[in-house]
Amino acid sequence: MDIQERHICARRGRDTRIPAGRALHVQELHGRYDGPFHFHTTHGELKLTYPAMQSPFSKENHPMPRRPKISFRNRSPKKSGKVGRMTRKTRPRRPPGCPISGARSTPTGDTNASQTPTWMPTSATASMGRTVDVFTNLHDPILKADLLCYLLMLKEGGVWADIDVRPLQPVSKWIPEQHRGKTNLVIGIESDHHKKSVLPGVSPHSVALAQFAMFTKPGHPVLQVVVERVLDNIQQLMESKPAGAAITFNDVMTTTGPYAWTQAFMDYFKNVTGVEHNGDEMDSMEEPRLIGDVLVLPKDSFGWLPHEHTHEIDNPIVLVQHLFISTWRASHPG
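Going by UniProt numbering, the letters in the sequence shown line up with residues 1 to 334, in that order.
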């Protein structure tokens with residue numbers, strides 16, 4: 001499997017994965033992500049180079065590398081047909097604020113439009129102008145980081161983890177054997193309020209699904225829904241806020257955060273199963289549950305907390321620990 005080098009630009013406690021040399025719209029969005037960056041390079045552990053929904057995740061087809069490598073080679077053939085090393089001319093443009101330029105990355109391919117469900121927004125793949133406009137005019141860093149996360153995972157797929165997420169088990173352990181070959185996206189539960197609303201009057205759901213860590217194929221339909229929803233939410237928020245008004249904690253949670261994220265998944269679950277979902281069916285869940293092609297992990301897998309857990313942290317079911325550093329909270333009242 002070809003291991004791709006990736007950039008990670010961390011902004012306000014969130015990883016912003018920027019594959020170098022990608023399509024113009026990703027580069028343009030990257031260039032428009034204003035504000036100071038902390039920059040370093042790393043590699044993607046899994047690079048899924050096939051269109052989404054065509055073949056499920058498979059450990060056999062896409063094993064986890066034992067010793068990941070970083071490549072700075074330019075694999076684009078020269079006129080002679082040979083493959084040469086990356087030169088200064090072929091290096092991708094350095095993003096503003098980042099101290100070094102990056103390495104190459106290969107396209108993942110586009111999702112077959114015929115595989116998109118009829119309930120999907122028809123504008124999901126044809127709204128680049130709108131996306132750039134919203135992104136350009138959005139100046140709140142946490143809303144911007146959330147939107148960029150969803151855009152990149154929709155386009156690129158792979159593994160995402162916020163910068164304050166501590167890995168406890170390898171990604172190869174995220175999908176149990178019995179669910180391999182059927183899973184196209186992995187998410188966890190951030191909070192479980194046991195059949196009571198996680199935030200009365202704001203969220204109708206009894207769980208909040210985690211968006212600080214995920215594993216997905218590129219082009220997954222639910223991520224297209226997430227992007228469209230978030231764009232709508234941001235536009236509505238901006239229209240309702242007086243000039244200079246503060247973005248509150250609840251604004252973040254409902255516009256781009258876990259509540260908006262959870263709503264999109266509940267709608268997706270309803271459409272693939274024909275059954276209404278509100279989180280009650282995930283109450284005190286002890287085993288991973290496959291809903292359609294989305295694997296939902298138990299709360300302790302992603303949402304383990306020192307004061308609230310069923311298993312000790314060294315239990316294999318606990319895959320990551322989210323440290324909830326939340327540096328953005330100070331600038332978002334509520």
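A few of these clues could be false.
Taking lysine to aspartate or glutamate and the EDC-like style, the derived pairs with C-alpha atoms no more than 20 Å apart in a straight line are [said to hold, decoys possible]:
| hint | residue 1 | residue 2 |
| --- | --- | --- |
| 1 | Lys196 | Asp293 |
| 2 | Lys196 | Asp314 |
| 3 | Lys173 | Asp293 |
| 4 | Lys195 | Asp133 |
| 5 | Lys173 | Asp314 |
| 6 | Lys195 | Glu308 |
| 7 | Lys173 | Glu276 |
| 8 | Lys195 | Asp314 |
| 9 | Lys241 | Asp314 |
| 10 | Lys195 | Asp293 |
| 11 | Lys195 | Asp283 |
Label-pair distances were calculated between CB atoms; the ranges are [to be verified]:
| hint | residue 1 | residue 2 | range |
| --- | --- | --- | --- |
| 12 | Glu239 | Pro306 | 39 to 45 Å |
| 13 | Asp133 | Glu287 | 21 to 27 Å |
| 14 | Leu290 | His139 | 38 to 44 Å |
| 15 | Gly181 | Asn315 | 42 to 48 Å |
| 16 | Lys196 | Asp232 | 26 to 32 Å |
| 17 | Asp314 | Glu287 | 17 to 23 Å |
| 18 | Ser240 | Asp267 | 18 to 24 Å |
Don't read these hints as lab results, they were simulated from the structure. Glycine included, every Cβ here is placed at the ideal spot set by N, Cα and C.
With the threshold set at 20 Å, check whether the alpha-carbon distance from Lys196 to Asp293 stays at or below it. Distance ~26 Å between Lys196 and Asp293 Cα, so the pair is violated.
Can you confirm whether the C-alpha distance between Lys195 and Asp293 stays at or below 20 Å? At roughly 24 Å apart (the allowed maximum being 20 Å), Asp293 and Lys195 break the hint.
I want to verify a distance hint. Is the separation of the beta carbons of Glu239 and Pro306 within 39 to 45 Å? 41 Å, holds
Going straight from one Cα to the other, do Lys195 and Glu308 come out at no more than 20 Å? 17 Å, holds
Is Lys195 close enough to Asp283, meaning Cα to Cα at most 20 Å? 7 Å, holds
Is it true that the C-beta distance of Leu290 to His139 lies inside 38 to 44 Å, as the hint says? Since Leu290 and His139 have Cβ atoms about 40 Å apart, the given range 38 to 44 Å holds.
Quick one, are Lys173 and Glu276 close enough, alpha carbons at most 20 Å? Not OK: Lys173 and Glu276 at ~30 Å, beyond 20 Å, violated.
Assuming the hint says 17 to 23 Å, is it satisfied by the Cβ distance from Asp314 to Glu287 or not? 19 Å, holds
Taking 21 to 27 Å as the hint, is the beta-carbon distance of Asp133 and Glu287 inside that range? 44 Å, violated
Hinted pair, alpha-carbon criterion (20 Å max): Lys195, Asp133. Please report holds or violated. Violated, at roughly 39 Å.
Gly181 paired with Asn315, Cβ distance criterion 42 to 48 Å: 26 Å, violated
Is Lys195 within 20 Å of Asp314, Cα to Cα? 28 Å, violated
Hint compliance for this structure: hints 1, 2, 4, 7, 8, 9, 10, 13, 15 are not met, and every other hint is.
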